[in-house]
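**Q** Protein chains in written order, with the numbering used here: chain Z, 1 to 204; chain H, 1001 to 1265.
Because the hints were derived from the structure by calculation, they are not lab data.
Because the structure is a prediction, the values reported are computed rather than measured.
Worth double-checking, as some hints may not be accurate.
[To be verified] When the alpha-carbon atoms are kept at most 25 Å apart in a straight line, the in silico SDA-like pairs for lysine to any residue are as follows:
no.: 1; chain 1: H; residue 1: Lys1068; chain 2: Z; residue 2: Lys128
no.: 2; chain 1: H; residue 1: Lys1027; chain 2: H; residue 2: Gln1088
no.: 3; chain 1: Z; residue 1: Lys128; chain 2: H; residue 2: Lys1037
no.: 4; chain 1: Z; residue 1: Lys128; chain 2: H; residue 2: Lys1042
no.: 5; chain 1: Z; residue 1: Lys199; chain 2: H; residue 2: Lys1068
no.: 6; chain 1: H; residue 1: Lys1154; chain 2: H; residue 2: Asn1062
no.: 7; chain 1: H; residue 1: Lys1037; chain 2: H; residue 2: Gly1222
no.: 8; chain 1: Z; residue 1: Lys199; chain 2: H; residue 2: Lys1037
no.: 9; chain 1: H; residue 1: Lys1251; chain 2: Z; residue 2: Ile24
[Claimed, not checked] Covered stretches of chain H (chain Z as the covering partner; in silico rule of three or more C-beta atoms under 8 Å from a C-beta of chain Z):
no.: 10; segment: 1022-1030
no.: 11; segment: 1124-1136
Each residue gets a CB set at the ideal place from its N, CA and C atoms; glycine is no exception.
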Amino acid sequence: MIRIVDYGVGNIQAFLTMFKRLGIEALRARSADELADAERLILPGVGAFDHAMQMLNESHMRPALESAVLDRKVPVLGVCVGMQMLAAGSDEGVLPGLNWVPGRVHAFAAHPQAAQLPMPHMGWNDVKPVPGHPLFAGFEPQPRFYFLHSYYFECEQPQHVAAKAHYGLDFDCMVSNGHIHGVQCHPEKSHSFGAQLLKNFALA
Amino acid sequence: MLRPRIIPCLLVHKGGLVKTRAFKDPKYVGDPINAVKIFNEKEADELTVLDIDARVNGAEPNYALIAKLAAECRMPLCYGGGITTAEQAARIIDLGVEKVSISAAAVANPALLTRIAAAIGRQSVVAVLDVRKRTGLFEKGYELCTHNASRVQKADPIEFAQVIEQAGAGEIVVNSVDRDGQMTGYDLELAERIRRAVRVPLTVLGGAGSLDDMARLIERCGVVGAAAGSLFVFKGPYRAVLINYPTDAQKTALFRQAGILPGPR
Chain Z
1 MIRIVDYGVG NIQAFLTMFK RLGIEALRAR SADELADAER LILPGVGAFD HAMQMLNESH
61 MRPALESAVL DRKVPVLGVC VGMQMLAAGS DEGVLPGLNW VPGRVHAFAA HPQAAQLPMP
121 HMGWNDVKPV PGHPLFAGFE PQPRFYFLHS YYFECEQPQH VAAKAHYGLD FDCMVSNGHI
181 HGVQCHPEKS HSFGAQLLKN FALA
Chain H
1001 MLRPRIIPCL LVHKGGLVKT RAFKDPKYVG DPINAVKIFN EKEADELTVL DIDARVNGAE
1061 PNYALIAKLA AECRMPLCYG GGITTAEQAA RIIDLGVEKV SISAAAVANP ALLTRIAAAI
1121 GRQSVVAVLD VRKRTGLFEK GYELCTHNAS RVQKADPIEF AQVIEQAGAG EIVVNSVDRD
1181 GQMTGYDLEL AERIRRAVRV PLTVLGGAGS LDDMARLIER CGVVGAAAGS LFVFKGPYRA
1241 VLINYPTDAQ KTALFRQAGI LPGPR
C-alpha cells in the first residue's frame, strides 16, 4: 500500500482523500513501524525548508524512511517542500537535505529573471514533461498543475529532470532519479491532471 | 505560463451558504459541501470559503465544518473567519486547507501575520482587506473596514497593504465593500493601486457580474486572482440560485481577451 509520511508537516488529508477517490489504498505513517509495509511512499511538505527537515529528523522516522527508499528501493514521491528535501540543500535554510536527487534549491527572488515577479509563484501553470516519462503516461500534451512556492529545485544532472515549468525562468518542476521522484506542484489539488499523476505513481 | 486564477468565494452564515449585497442582507443559496462538490466537478482553480459569523461573534473557527470542506475539496482551498492565533491557523492547515485568510485580526495587529507565517509558511497566509470607496461630498479615496464593514479603520488601505505584506502576508485579497453583490464590475482603480503597491500575489473580490468584468480586471492588472461570489452562484436578472463556473475553453477565451494568452481576442 501507499504510505503518506506524516512527520507533522504538510497536507496528509488531501492525499488520503485523493487516493480514496482513485480507489487506491493509502494510509498515513506516523512511526518507523508504519513505514515497514510501504510499497509506495509520499513525502509531503509545506512551509520553510529547515522546519520541514527538522521535523523529519525529529520524527524518528528518518532511518526507516532511508532504509525503505535506499535499501528496499520503495518508490517515493516528494511533493512541494517534500520535493525540495530530496536535494542536497536549500538556499532557504542551513540544514542538509536528504540528497537523494543531486541538486540544490534556490530562491526565485535571487534570480534576475524572476526577481521582479509576484512572489510566491502561485496558481496554475503549464508543465512540460520529458517525452515518455512514466509519471506522465496518458497525459494531454499541455498539462497544468497548481503551484505555491518561492524556491525551486535545480538538478545537477539533466537526466534527473522529469518536467519543466516557466516562471521568469525554466525551472525543474519535477525530478526523477530512478525510483525517487519529486514534484514541486500540488498533484493532490490539481484536479484531473493531479489525479492522473498520482495514479501513475501508484500503479507504475 | 502562469494563468490568472478564477476563484469562487463562498460565504458561510449560520451553517449555510449565503450571498450578501454591500456586506448586508445575506440570502441563502445552498449547502456549502454541495457547492464544493459542484466546483470540484467544474474544476475550479481555487476556492475561498469565508465564515462571516465567526469573527463578529468572537467565536472559534468551526473546525468540524472546515474538516468536511477540506476533505471534499479537490482544489486549493482558502478558509477565513475567526482566526486570531497562529495555533488556530496551524490547526486549520492540518485539516487539509492550503491557505488561511485573516482579516480583522490582521488589521488590529499585523504582527499576528508574522507569527502565523512562522508557523505555517508565508505562502499559506492570506490577508483580506475590506475596502470601501469614500463617498462623502469632500471625501476622496478609500477607507479600510472590518467586522463585515461595520467598523472603519484609520489606516489608508493602500499603505496598509504594504504593511501587511511586510508583516508576512503571502497573498492579499482586496474586497470592495461597495461593489459586493452589485455585479457591476470590479473597482479597477482600487485593484490597480493595490497591485502597484505590493509584490505578493493579489486577488480581487467584489463586483464581478460577468466574465468580461474578469477580463477587464486581468487586462488592467495582469496575472491576478479574479474572485467572485454572486457571479458563480446566481444566474439571470432575477438572481436565481444556480452554481456555475466557466469551462476550460471559456477561461482560455477570457485570458486571450485580456491579452494574457496568445491567440485571437
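**Q** Run every hint past the structure and note whether it holds.
**A** Here is what the structure says about each hint:
At roughly 34 Å between alpha-carbon atoms, Lys1068/H and Lys128/Z are farther apart than 25 Å, so this suggested pair is violated. Note on Lys1027/H and Gln1088/H: the hinted pairing is violated, with a Cα-Cα distance of about 29 Å set against a maximum of 25 Å. Simply put, Lys128/Z and Lys1037/H have alpha-carbon atoms about 29 Å apart, too far for the 25 Å limit, and the pair is violated. In summary, the hint linking Lys128/Z to Lys1042/H is supported, as the alpha carbons are separated by about 24 Å, within the 25 Å threshold.
Taken as a hint, the Lys199/Z and Lys1068/H pair is honoured in the structure, with Cα atoms around 24 Å apart against an allowance of 25 Å. In summary, the hint linking Lys1154/H to Asn1062/H is not supported, as the alpha carbons are separated by about 30 Å, beyond the 25 Å threshold. For the hint pairing Lys1037/H with Gly1222/H, the CA-to-CA distance comes to about 30 Å; that exceeds 25 Å, so the pair is violated. For the hint linking Lys199/Z to Lys1037/H, the alpha-carbon distance of about 21 Å falls within 25 Å, and the restraint holds.
Of the supplied pair hints, the one linking Lys1251/H and Ile24/Z is violated, its CA atoms being roughly 32 Å apart against a limit of 25 Å. Coverage of a stretch by a chain is defined here by at least three residues with a beta carbon nearer than 8 Å to that chain's beta carbons; for the segment 1022-1030 of chain H and chain Z the count is 0, and the condition is violated. Residues of the segment 1124-1136 of chain H lying with their CB closer than 8 Å to a CB of chain Z number 1, which falls below the three-residue condition for coverage.
Violated hints, listed in ascending order, are 1, 2, 3, 6, 7, 9, 10 and 11; each of the other numbered hints is respected by the structure.
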